[in-house]
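Chains as they are written, first to last, in numbering that gives the first Met the number 0: chain A, 0 to 518; chain B, 0 to 518.
None of these hints come from the bench; they were simulated from the model.
Just so it is clear, CB atoms sit at the ideal spot from N, CA and C, and this is done for glycine as well.
Don't take each hint at face value.
[Said to hold, decoys possible] Just so you have them, the derived chain A footprint on chain B, three or more residues with Cβ under 8 Å:
no.	region
1	2-13
2	246-260
[Stated by the list, open to error] Pair ranges (Cβ atoms, derived):
no.	chain 1	residue 1	chain 2	residue 2	range
3	A	K269	B	K354	37 to 43 Å
4	A	E398	B	K354	56 to 62 Å
5	A	G325	B	R29	55 to 61 Å
6	B	Q30	A	N327	42 to 48 Å
7	A	A380	B	N374	37 to 43 Å
8	A	G156	B	A116	40 to 46 Å
9	A	G46	B	G350	28 to 34 Å
10	A	P148	B	F171	42 to 48 Å
11	A	E398	B	S296	52 to 58 Å
12	A	E140	B	E157	39 to 45 Å
13	B	F171	A	E245	53 to 59 Å
14	A	V346	B	G236	40 to 46 Å
15	A	G297	B	Q30	38 to 44 Å
16	B	P263	A	E398	41 to 47 Å
[Claimed, not checked] Computed far set for chain A versus chain B, every beta-carbon distance over 12 Å:
no.	residue
17	A10
18	A108
19	E117
20	I121
21	P148
22	T165
23	S272
24	I292
25	I336
26	H389
27	P432
28	E466
Take a look at the letters that make up each chain.
Protein chains: 2
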Amino acid sequence: MNLTQPIHRAAVMTPNALATVCGERSHTWRQIHDRVSRLGGALRSLGVDRGDRVAILSLNSDRYLEYYFACWWIGAVVVPMNIRWSPSENAYSLRDSGAEVLFVDQTFAPAIPAIKAEAELIRELIYLGDDDKPEGMRAYEEFLSSGDPVEDVRAGGEEMGGIYYTGGTTGFPKGVMLAHQALWLNGLIMAKHVDTQPGCRYLHAAPMFHLADGAGSMAVTAMGGTHYFVAAFTPDGAIRATSENEISHALLVPTMIDMVLAHPDFTPEKFKSLNWLLYGASPMPEGLMRQAIEKLSGVNFVQGYGQTELAPIVTVMPPEYHVLEGPNAGKLRSAGIPAVGLEVRIVDEDGNPCKTGEVGEIVARGATAMLGYWNRPEETAATLKDGWVHTGDGAYMDEDGFIFIVDRMKDMIVTGGENVFSAEVESAISTHPGVAGVAVVGIPSDKWGEAVHAIVIPREGHSPSAEKIIDHCREQIANYKLPRSVDFRSDPFPLSGAGKVLKRDLRARYWEGRGRSVN
Amino acid sequence: MNLTQPIHRAAVMTPNALATVCGERSHTWRQIHDRVSRLGGALRSLGVDRGDRVAILSLNSDRYLEYYFACWWIGAVVVPMNIRWSPSENAYSLRDSGAEVLFVDQTFAPAIPAIKAEAELIRELIYLGDDDKPEGMRAYEEFLSSGDPVEDVRAGGEEMGGIYYTGGTTGFPKGVMLAHQALWLNGLIMAKHVDTQPGCRYLHAAPMFHLADGAGSMAVTAMGGTHYFVAAFTPDGAIRATSENEISHALLVPTMIDMVLAHPDFTPEKFKSLNWLLYGASPMPEGLMRQAIEKLSGVNFVQGYGQTELAPIVTVMPPEYHVLEGPNAGKLRSAGIPAVGLEVRIVDEDGNPCKTGEVGEIVARGATAMLGYWNRPEETAATLKDGWVHTGDGAYMDEDGFIFIVDRMKDMIVTGGENVFSAEVESAISTHPGVAGVAVVGIPSDKWGEAVHAIVIPREGHSPSAEKIIDHCREQIANYKLPRSVDFRSDPFPLSGAGKVLKRDLRARYWEGRGRSVN
Chain A
0 MNLTQPIHRA AVMTPNALAT VCGERSHTWR QIHDRVSRLG GALRSLGVDR GDRVAILSLN
60 SDRYLEYYFA CWWIGAVVVP MNIRWSPSEN AYSLRDSGAE VLFVDQTFAP AIPAIKAEAE
120 LIRELIYLGD DDKPEGMRAY EEFLSSGDPV EDVRAGGEEM GGIYYTGGTT GFPKGVMLAH
180 QALWLNGLIM AKHVDTQPGC RYLHAAPMFH LADGAGSMAV TAMGGTHYFV AAFTPDGAIR
240 ATSENEISHA LLVPTMIDMV LAHPDFTPEK FKSLNWLLYG ASPMPEGLMR QAIEKLSGVN
300 FVQGYGQTEL APIVTVMPPE YHVLEGPNAG KLRSAGIPAV GLEVRIVDED GNPCKTGEVG
360 EIVARGATAM LGYWNRPEET AATLKDGWVH TGDGAYMDED GFIFIVDRMK DMIVTGGENV
420 FSAEVESAIS THPGVAGVAV VGIPSDKWGE AVHAIVIPRE GHSPSAEKII DHCREQIANY
480 KLPRSVDFRS DPFPLSGAGK VLKRDLRARY WEGRGRSVN
Chain B
0 MNLTQPIHRA AVMTPNALAT VCGERSHTWR QIHDRVSRLG GALRSLGVDR GDRVAILSLN
60 SDRYLEYYFA CWWIGAVVVP MNIRWSPSEN AYSLRDSGAE VLFVDQTFAP AIPAIKAEAE
120 LIRELIYLGD DDKPEGMRAY EEFLSSGDPV EDVRAGGEEM GGIYYTGGTT GFPKGVMLAH
180 QALWLNGLIM AKHVDTQPGC RYLHAAPMFH LADGAGSMAV TAMGGTHYFV AAFTPDGAIR
240 ATSENEISHA LLVPTMIDMV LAHPDFTPEK FKSLNWLLYG ASPMPEGLMR QAIEKLSGVN
300 FVQGYGQTEL APIVTVMPPE YHVLEGPNAG KLRSAGIPAV GLEVRIVDED GNPCKTGEVG
360 EIVARGATAM LGYWNRPEET AATLKDGWVH TGDGAYMDED GFIFIVDRMK DMIVTGGENV
420 FSAEVESAIS THPGVAGVAV VGIPSDKWGE AVHAIVIPRE GHSPSAEKII DHCREQIANY
480 KLPRSVDFRS DPFPLSGAGK VLKRDLRARY WEGRGRSVN
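Turn these sequences into a full structure, and let the hints guide you.
Set out below in structure tokens:
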């Protein structure tokens, strides 16, 4: 089960079919097979060996896909960097992974000096842009052409295929190690649940560093479909790309769907080719769902709930439950049923299965489970127990086997599809001299699903403004982690018996009257 | 990737949903989970350890399915015996596998003394019938209830899950060793291509010992569907079972489809629930296809071409190519495109890829490939080279990646879904005193796809009749391998440069005017 396998399959089966279309550039499967083997050869000539980590920091493009497959071709390990992180955060994950080679595009090239200053191991930079390459970098096409095609080493099975960094409860990103088998199988799981087919047309609109889109990359390649790209999501860009390329399959988060439907360029006609729409990160709010069903009739909606530690798909909400009436109604707030190939349970604090309707932690096992956290045996042991990945998400299962997420045990906020750990934001705010106490929670947001919200107890004699608090965080954490709003209080926070802040109590007033109470 | 995984998944997700319905008997997934863990415990109490082989000789039933999963639960290896083989052939495979425990039903219990006489290792017999158990056997339900539920050992990955006997070119059956991973993944591949879903209703109409139905067993269990059974295929039985149980998914060979459509009980109304029909072993003759499309409108037809050595699916013909007109027409005689997860190539005698349209041997690789032949390193080495399974089938690939089988290099006949090796039949006929020379080929048959046909050169002074020749074979080989017709000639057989009989020349006159020339 090696990740390059679909490239070989497609190159034999449909060598002349389109593999990638990116702006003016397009390649057939035969060309991709050749280019990947050359790019692999070029990487090897830089001294990249089997098991070595190779990183990328880039918006979406066909070259991102080539990077993935070229690394796997020579048995190297991909390290896709979060495009929303600060240079410091990315430098941390580069140092942690030990990557020495980094692919970077024109958008992120200006950040390289700041990153390199903190990530001294980086010795080779491949520039993905088409304009003049910055000094000290290699131009992508030239670099690729310089490589002699090499044989696929056929890395596979339990061999590590990628390290995917995810926010940590301690404020430091953790590297999730995923095997070839896990990534490959997850692609097949998505191919099953989102019904990719030979000749399907998939739009990479969500960021490619993210495993949700990574699953799409594999699901589409496995079936021999065609990849289309928008560099970064904008509603008008996604509308145009879908319409012009007759996209059949896409992955968006609800926030993006909302923006698309609300955009003046949107017409149902432009989405008539769209057949399957996977949305992730959060359930579809009922108002949005109602709109989507009406405006995107003929589209099969599938929700995927996932976690990087599970490569990432854990549960899926099938299309037939995306209805407001009839026998299948009433599941819209659910994250769905376990994806094929996964066992999912709700367990109590002692690890015993909960009864139907009882809230506990979601745990999952299957061949898509992570190998562990890179260089973090203790955190691995805390998350991966007897083969079960502990997700940290609280949920119950109804009598039909549908899972309803009710709380994120890891104290995490999901905003616009990104995970933000409260602890990290609290840590940033707490360094402000005017702050005596702080608690960060997710509050409902029509645009982002949840928004990061800080509740601050000012230090005696200080009265910091919300703006000052937010400004104070700006240099420490990525933009999407910044609090969107700040409330002040003088009373101490409500505490649990163990002395922990009772966030559920703090969140209550913001969520009142809302159907869902994630975080 | 362990084969018992879907049982755990379904028992948590939909414990009260129906897992199996067999005549008057039905069980939910919670019950199946319990029964499998008990049957596993009972087997272990007989001394069955991880890696031990446990055989079965039985028509279809829910107990066949329980046997599969109970063996895997304790890490034992299943050995499903061919119900069409003679006692001698089955005794051979029992001896070869080293199985000591055998499950047998009421149909085959009478053959046990003859089998045991040649398979002395067998020390325990479990009787699957509901009537009084024969002496020296254990009654199934009593045996199962005697077991304490045991923990699943979670055998999986590359660990052997089954030995499946297949006819050999030398006349001796070979045991194909398949890993958990191969059988599991093949089930997922089938789940993808035949779109099994939670709640789907699958009919076991083809024999369960066969891997084609084995793929169905996994594909349906993986998704949490319900299994229905007919003990052995009859057209009226299949019609009744489909209609009464509102079957949505089934697997039949074209011969069976023909018998169903021709039966007086058939009405389209009785098949209105049928959504997906996988047919295997041979393409659908055009006349039959035309009938099937007309009479089974609304059914998605999928052809699967497979081989035991590949667990078994190799290629699939998707529904949209089962048409007689339009842009997708013209592929009906094809075996389809490589199944997802498989690389398939057509290679020449030196192993180099053939050009489009050029005939060579089909080779395939993927995680579903066999581990090898049990105790036959030389034959393994001849078939499994650099990870590629050499199928022995001759074919070409067209410009759209569709594979057209034109010859079976292993000199094999596919009749009614079963493989018959010419060498074995020739060997039986050649022992007749009146036979100087013999060649066995497949000739077209509307009923069986191909029929076994013998061409005999009588010994001087002898003139054996066709009936005598066939009678002579009866004790040596299984009924389905017997020649259906015999021609006589006095001229020597045409020979190749290497001195081999040119079977293609012999077959030519029988296949004249037929579109397809398999064998």
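Numbered hints the structure breaks, given as an ascending list: 2, 5, 6, 11, 17, 25
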